[in-house]
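Visitor: Residue numbers (our numbering), protein chains in the order written: chain A, 253 to 593; chain B, 38 to 136; chain C, 20 to 539; chain D, 34 to 154; chain E, 62 to 672.
Heads up, a few of these hints could be off.
[Unchecked claim] Computed, partial: chain D to chain B, Cβ under 10 Å:
no.: 1; residue: Tyr38
no.: 2; residue: Leu42
no.: 3; residue: Ile94
no.: 4; residue: Tyr97
no.: 5; residue: Leu98
no.: 6; residue: Ala100
no.: 7; residue: Met101
no.: 8; residue: Leu102
no.: 9; residue: Leu104
no.: 10; residue: Asp107
no.: 11; residue: Ile108
no.: 12; residue: Glu109
no.: 13; residue: Val111
no.: 14; residue: Pro115
[As the list claims (entries may be wrong)] Straight-line Cα separation of at most 25 Å, DMTMM-like style, residue types lysine to aspartate or glutamate; simulated pairs:
no.: 15; chain 1: A; residue 1: Lys571; chain 2: D; residue 2: Asp107
no.: 16; chain 1: A; residue 1: Lys571; chain 2: D; residue 2: Glu152
no.: 17; chain 1: A; residue 1: Lys270; chain 2: A; residue 2: Glu443
no.: 18; chain 1: E; residue 1: Lys564; chain 2: E; residue 2: Asp342
no.: 19; chain 1: E; residue 1: Lys510; chain 2: E; residue 2: Asp367
no.: 20; chain 1: E; residue 1: Lys510; chain 2: E; residue 2: Asp561
no.: 21; chain 1: A; residue 1: Lys270; chain 2: A; residue 2: Glu440
no.: 22; chain 1: B; residue 1: Lys87; chain 2: C; residue 2: Asp227
no.: 23; chain 1: A; residue 1: Lys337; chain 2: A; residue 2: Asp316
no.: 24; chain 1: B; residue 1: Lys87; chain 2: B; residue 2: Asp39
no.: 25; chain 1: A; residue 1: Lys337; chain 2: A; residue 2: Glu324
no.: 26; chain 1: B; residue 1: Lys87; chain 2: D; residue 2: Glu119
no.: 27; chain 1: A; residue 1: Lys559; chain 2: D; residue 2: Glu152
no.: 28; chain 1: A; residue 1: Lys571; chain 2: D; residue 2: Glu109
no.: 29; chain 1: B; residue 1: Lys87; chain 2: C; residue 2: Asp384
no.: 30; chain 1: E; residue 1: Lys510; chain 2: E; residue 2: Asp218
no.: 31; chain 1: A; residue 1: Lys559; chain 2: A; residue 2: Glu289
no.: 32; chain 1: A; residue 1: Lys319; chain 2: A; residue 2: Glu289
no.: 33; chain 1: E; residue 1: Lys510; chain 2: E; residue 2: Asp428
no.: 34; chain 1: B; residue 1: Lys87; chain 2: C; residue 2: Asp231
no.: 35; chain 1: B; residue 1: Lys87; chain 2: C; residue 2: Glu88
no.: 36; chain 1: E; residue 1: Lys510; chain 2: E; residue 2: Glu167
no.: 37; chain 1: A; residue 1: Lys270; chain 2: A; residue 2: Asp529
no.: 38; chain 1: E; residue 1: Lys564; chain 2: E; residue 2: Asp428
no.: 39; chain 1: A; residue 1: Lys291; chain 2: A; residue 2: Asp316
no.: 40; chain 1: E; residue 1: Lys564; chain 2: E; residue 2: Glu274
No wet-lab data here; the hints were simulated from the structure.
Cβ atoms here follow ideal geometry from the backbone N, Cα and C, with glycine treated the same way.
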Amino acid sequence: MTLATVGYFEPWYVQLLKTLIIFGIGFSLVPLALLYERKLLGRFQNRPGPNRVGPFGSMQPAADILKLISKEQFQPRGAIGWLFKLAPLISAVAALATFALIPFGRTQDVFGTDVGLYVADSNIGLLLFFALSSLGSYGVLLGGWSSGSKYSFLGAMRGAAQLISYEISQGLALLGIVMTAGSLSLSEIVEHQNGMWFIVPQIVGGLIFFVATLAEINRTPFDLLEADSELVAGFMTEYGGGRFALYFVGEYVHLVVAGAMFSTLFLGGWNLPFGIDPPGWVDPIVVLAKTGLIVSLIIWIRASLPKVRYDQLMSFGWKVLLPLATLNALVTAIILVTLAD
Amino acid sequence: MDIGWYLAVSAIVFAIGAAGVITRRNPLLVLLCLELMLGASSLALLAFAKMHGNLDGHVFALVVIVVAAAEVAVGLGIVVALYRNKVAVDVDELRELHG
Amino acid sequence: MTSLVSAAVEAPDIDWAGLSPLLALLGGSIVVLLVGLLRSRTARHGVVPFLTIVSFAAAGGLAVWQWDERGALISGALALDPLYLLTALGVAAAGVAATLLGVGTAAPREAAHGEFHGLLLVSGAGMVVFAGAQNLVVTFVGLELLSIPLYILAATELHRRRSLESGLKYLIVGSVGSATLLYGFALIYGATGATDYAAIRTALGDADLRDDVLLLGGMAMTIVGLCFKASVAPFHQWTPDVYEGAPTAVTTFMATATKVATLVAMIRLFDVALPGVSDVWGPVLAALAAIAMIVGNVGALGQSSAKRLLAFSSVAQAGYMLVGVVVGTQLGAEATTFYVLAYLVMTAAAFAVVAAVEREAGTDDGVAFEGLAQRRPVHAVALTLSLLGLAGVPATVGFVAKLRIIESAVDGDYAWLAVVLVVGSMISFAYYLRLIARVWSGAPREAPTPSTAVAPLAGADPVGDAVSGVRSPAPAVLGAVWPTTVVAGIAGAAVLVLGIVPGPLMDTVEAVGRSLPTIF
Amino acid sequence: MLRSYLPLLVFLVLSTGVGAFFLIANTLLGPRFKRRPTTYTEDAYECGLPSEVQQGFRFGISFYLIAMLFLLFDIEVVFLYPIAVELRTVGTFALVETGVFIVLLLIAFVYVWRRGALEWK
Amino acid sequence: MLHLSILLWLPLAIALAGLVVPRALVRWVALGGSLLTLALAIGFLVDFESAAPGLQHATDETWIGALGVHYALGLDGLNAWLLLLAAVGFTFTFAWSALGGGGVAEVDRPGTYYFHLGVAYTGVIGALVAQDLLLFVAFFDLMLIPFFFLAVGWGTDPPGSDKVRAVTRMVVYTLVGSLLMLVGAVAIGVLATPDGQSISFSFADLAQRGVPEGSQGWIFACFAAAFLVKMPAFPIHGWLREGYKTLPLPVLAVFSGVLSKVAVYGFLRVALPLLPSGAADLRWVVLIIAVLSILYASSIALTTVDARLVLGYSSIAQLGFITLGVFSFRTDGASGAILQSVNHGLVVLPAFLAVGILASRAGGSEDIRDMGGVAFRAPIFAILFVVVTYAVLAMPGTSNFVGEFLILRGVWEGASIALACVAAIGVALAAVYALRLFIRTTHNRVGPKVVSRDLSPSELLLLGVPVLLIVALAVHPQQTLRASDRASTQSVLGAAAAADPEKARSMLEESSVGREAAATGAAGAQGAAGAAGQAVDPTTGQPADPSGAVPVDPSTGQAIDPTTGQPVDPSGGQAVPVDPSTGQPVDPSGGVPVDPSTGQPVDPTTGGAGR
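Using the sequences and the accompanying hints, generate a full structural model.
Guide: Listed below in structure tokens is the structure:
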């Protein structure tokens, strides 16, 4: 039940096994999230949501996917072939890879082997997170650019601009956490929240991170990447079939990862409040529950808020979030050092 | 791993960058190749830092990152200004000046 | 990585007084940048240049104040010694000159005054860092801090294609130079395991690295990189284009201050960090110096544009200055330092006149200089003195400087280099005298009106000067002439006075040699 | 050390595999036509209007500007991370450094804002 | 002892004054100033004591301490008469420019014109009186620059070229040499400095220290290049034709008359005493160049139809003679060279004026085919001109004859009989071209555009005074010789000893100036040879005379007679008296103590430098 020391790793078969399991869970969360969102949106809008395919519409995601991959594949004349095909893959892989960083619990003793409940616990986990999520913007940019269509292109440019704009605030918002925890390892950060979740001292940082994450994963009110009203479907205009499905998968993985990451960073990960210390096997459940909570919140926001205008989006990112995040970092630094002395 | 491999990679990347700077026409590609050269240097620095077991190389590499970013920002800015002047952006066509 | 996060960091000692020239420049740049945002036209057109001059002057004054101090700043990152302080002084002088030459011209206006002057100051700070650096990392930081603002400054006349071109060219070539230098530094670090100059020297002393491939490769690439910066042939091709294309005020700064900083940095690098292997780099540098002298002087022969002529001449002059570095003696260091300062004064005078001619005639072609003696006697005399000085005629500071260089060359067993030097000087007379002849002969021409109107303004950013809501109309003249008169007059007088009474400056420079105990 | 990244590698391979599965399955399952696709199916989507898309179109300066700003501010973040990790260990000195750094950042920010680079056009 | 400084800076002060006084007054201020300077120069000459050894009116201040450069001035037999020549030459030019005549109208932009002339004046005087090597080099370079401006501002385009090109060529040519000389000078200073001592460029110090023999060759080559280009000598005279055609006549007169003499002076002052063995090694190169110059220039002067160029090429020939005299390495040759320098300078001044007068009578053309018959209505001019012509061709009875005779004798004795014979051809040719010029311009058929009229008052004054001087010098050349003999002996002795010690000895013995001077000179010779470190006795570490002609006793360091083995006075074979009070050997001639450790007599000339 101890934290894995740096450089510790299990036997290779255990590593392989847990990777498979986590991948399985992660990937199966995609249809779940899909269904959950549609159901929940339906409820918010006072309608039942999908309810035809399978019991309570539970097979709806499977049907969707099946439909998509049985469509004709085409690409516009002006498209750059290999990039056009590669771009959705990048998007999906980058999203899925982020999932590998999330720690689901303390190191457990499973049949006599210490097993870390994560795919990879890097001492630079946070940096990896940023690196991998930035990769996602390549998917957007390349997809839109290689389509050879002006809607796609404009959507891609806007999308890329939006993604990178909010990425700065996202990074700055986490500085407070890094300072407090003194580490970039995600599991150490979680461990550090044993007494108090970071959402309490870092409420400003948490809010900024949350908002920036919404923009990063292209959710309402910041879903300007698709921008149905002006740019048809943004960078995805020319996509259909399996390729579109990949973008779709990427988007929902992002949603889940966003929830998981927020709970890891601000909601104490597997820690429970009020000194409740359940046995180790509960840890993943706690994490998943918190993730579900955040996902619900994001869906709730989608149901309630209108889309912002693009210029509003940019100025909000640059003129509000960025200075706020910077100040947050500064204030945190001052408090931390003064308290330490 | 043998330090030689890192150095070999860095030398190759540096050479690619240098070759690119010399042969490429598009200023954006030239800027990219410059980044390659700087990146290669960073790699060499990090390899040497590992070899000598001190931190100087790391610090140096960090500095290089910033420098690279600043250079690209400036480069992009000038390229954009050239675009706005409706100038063909091709380093071979920068013929206003004799050289 | 582990070592990175767990390494103990101790707060370094910072000698604020010694750092003050640098701080004056950096602080000045921030203030200037912010003042440049004010709406008032007076503030932007008048106060900003004024504050810039104040900052430069303050840096110079603080350097004088610190003159007797010796030591290290920031845990040995920078040296507090005469080389550092002299560079600060030189940069301050060049900065004041460049600012004056920029008053009322298109470049600062198009680049939103604050930016232009702020970048000038930052670049100056970079030069001081570059010249004071005692460490490969700091050297590189200084180099980039001086270069990157200059790239921008070269391109500040946003509506003149030549300016933009020169900026891009300078950026590309300069960055190639930086990257090469950086790789060289990496290899030197690899060979010696240290980035500190003193530690490198110790490492070279401990182990016999004379034939070490890493060290040799590193030195070669370092030399190439530095030669790019100092525009030593054959790495000079960018110089004429950039000098011609960049706004003249910027060219002045580029030609004078950069040269000072680069040469001083070379002295420090070669004579402090690598004196032990001087028999390896000495001949290489000597060959480069010789090539630069020949190429620069021969190249200048065919130039009609005054700026290009001065650019080629600066290549040759870089060759001369390099001689003091090549010999690797205290005498050589002193000679180069003296030459660099003399060069600064002479070049500033020359460019001030070029700026004046350019403002009146709209071109810097040699033809525009005809009859200058009748039109503007002060400029004519200043240009004559400065060009004669560059050629090395007695009674100018250039003669004394050349004398010292030759002395150091003969003393350091590089007499052949001295002979090449004078052969180069001989060629240089041909083009300097041609320009001088233009100034003094020729029909007195009426000051021609500017040939081209300047395009309407806007910044690189979407708003440009529109921040103020004021769009200045295209100006009728390219700026007032009086600032150039001031610069030309003072610098021209200095060329003469320092040529006749070089004693004080020479004694000052002698401190340089004494402060470099590592060489003989 | 590198072994701890092995699962990540496996994870990446798996996700690539799944992604590729989507693409391949689509190729296998999707309808295929013997004849060459018509010009109309190859047209970019233009709401039914004739396509006027050409390769190599240009886009607004604002995007470049954002890219540059991103570069610069992101680099600042890069610098802040290492010092943030060590902030408590190093103490006051690091605080002062961070403070100076952030103040400079803010000055730059104010300047950029005031010059109008943040206004979207 | 500021006198020389006053003389030196007075022209510059006048020049600066010319810039500020009203336009109409400028030329009178300039003329007055030049006359004042001339008066001062004459004063110095009157005050000059020919018999006294060493420097007179010496000044010595540190100028650039770090470089060991001194502001050292002094007068001795080498430069005293040349100084007068310079003063006369410049006064002539000032007067010609101010008074007009000879085709010279009023100078436009007079302020600047006289300013440049004044700067050149100061430069020439500075080069002549400088007693510091770098000061000499600086003034030597500086004196040329004003001529560039004079040519550009007031010159005329030469046929088939433009004046800027021509004058740039001229300056580049001459400065090449000067810059090489700069390297040589610095090399002398650096190489002569013993370890642990600070560098010095003062002639006195340098003569004492000496330059290592191995380096003397190339350094001497540098100096020779500088001086020969300036003269100019045969293969390196490319600038002459266009340069002479470009310069305005009054300026050309002083340029040709005075500046080239500074080069001769440079050989005697710098190259020979400081680099004796280098000079000896390259002696034949220079001699052959000189002879070729004489033959080549004479033949060109015979064929050219341009009056100005006749004089130009005759100058080359004359300077060839003078060079021969210097490199004869004999007292009579060197004295003759100095005498001939003064002569030639004095002759050239009125000669150029005559050309100007002729041209002004011939419609402005300087082509001698356009002249002719000028004497028809201008008898006074013809008379004066014929005197000048006689001087040019060195008629017996003129001072030029004395000079050329001395030179030829020096060459005959000191160098080679064959060379003297070949050079003598030049004398014959000189008669031909000088007479050709005179006859074709003043006699013969009247030229198509010639308007013959006699001299205007100013022309008469300008032409008359130099002619009087020529006549005076012809009557009384001994003044010059007496002043220069001692100094020129000292100057050539080191080189002579290095080249051929036997001849050096014989020269001393027959020297006309007498034993006293010879003794001093011998001491100087030995000093020069010893200081040059030419041969150091390995066993004793003492310098030995390299030639072996004057062996040095290793135990005492005294010169010993090779035949008797007795210590000898190098001058006369007498035993060296020993000062009873100190036990030091004393030079019998002047009571100069001899340094017992090195055997070197303390050179009285250098010892006198500090006075």
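Visitor: Against each hint, give a clear statement of whether it holds in the structure.
Guide: Results for each hint:
{"no.": "1", "hint": "Tyr38", "result": "violated (15 Å)"}
{"no.": "2", "hint": "Leu42", "result": "violated (17 Å)"}
{"no.": "3", "hint": "Ile94", "result": "holds (6 Å)"}
{"no.": "4", "hint": "Tyr97", "result": "holds (5 Å)"}
{"no.": "5", "hint": "Leu98", "result": "holds (8 Å)"}
{"no.": "6", "hint": "Ala100", "result": "holds (7 Å)"}
{"no.": "7", "hint": "Met101", "result": "holds (4 Å)"}
{"no.": "8", "hint": "Leu102", "result": "holds (8 Å)"}
{"no.": "9", "hint": "Leu104", "result": "holds (5 Å)"}
{"no.": "10", "hint": "Asp107", "result": "holds (8 Å)"}
{"no.": "11", "hint": "Ile108", "result": "holds (5 Å)"}
{"no.": "12", "hint": "Glu109", "result": "holds (9 Å)"}
{"no.": "13", "hint": "Val111", "result": "holds (6 Å)"}
{"no.": "14", "hint": "Pro115", "result": "holds (7 Å)"}
{"no.": "15", "hint": "Lys571(A) with Asp107(D)", "result": "holds (16 Å)"}
{"no.": "16", "hint": "Lys571(A) with Glu152(D)", "result": "holds (10 Å)"}
{"no.": "17", "hint": "Lys270(A) with Glu443(A)", "result": "holds (21 Å)"}
{"no.": "18", "hint": "Lys564(E) with Asp342(E)", "result": "holds (16 Å)"}
{"no.": "19", "hint": "Lys510(E) with Asp367(E)", "result": "holds (16 Å)"}
{"no.": "20", "hint": "Lys510(E) with Asp561(E)", "result": "violated (58 Å)"}
{"no.": "21", "hint": "Lys270(A) with Glu440(A)", "result": "holds (20 Å)"}
{"no.": "22", "hint": "Lys87(B) with Asp227(C)", "result": "holds (22 Å)"}
{"no.": "23", "hint": "Lys337(A) with Asp316(A)", "result": "holds (20 Å)"}
{"no.": "24", "hint": "Lys87(B) with Asp39(B)", "result": "holds (11 Å)"}
{"no.": "25", "hint": "Lys337(A) with Glu324(A)", "result": "holds (14 Å)"}
{"no.": "26", "hint": "Lys87(B) with Glu119(D)", "result": "holds (21 Å)"}
{"no.": "27", "hint": "Lys559(A) with Glu152(D)", "result": "holds (19 Å)"}
{"no.": "28", "hint": "Lys571(A) with Glu109(D)", "result": "holds (17 Å)"}
{"no.": "29", "hint": "Lys87(B) with Asp384(C)", "result": "violated (55 Å)"}
{"no.": "30", "hint": "Lys510(E) with Asp218(E)", "result": "holds (22 Å)"}
{"no.": "31", "hint": "Lys559(A) with Glu289(A)", "result": "holds (18 Å)"}
{"no.": "32", "hint": "Lys319(A) with Glu289(A)", "result": "holds (19 Å)"}
{"no.": "33", "hint": "Lys510(E) with Asp428(E)", "result": "holds (12 Å)"}
{"no.": "34", "hint": "Lys87(B) with Asp231(C)", "result": "holds (19 Å)"}
{"no.": "35", "hint": "Lys87(B) with Glu88(C)", "result": "violated (38 Å)"}
{"no.": "36", "hint": "Lys510(E) with Glu167(E)", "result": "holds (23 Å)"}
{"no.": "37", "hint": "Lys270(A) with Asp529(A)", "result": "holds (24 Å)"}
{"no.": "38", "hint": "Lys564(E) with Asp428(E)", "result": "violated (48 Å)"}
{"no.": "39", "hint": "Lys291(A) with Asp316(A)", "result": "holds (15 Å)"}
{"no.": "40", "hint": "Lys564(E) with Glu274(E)", "result": "holds (21 Å)"}
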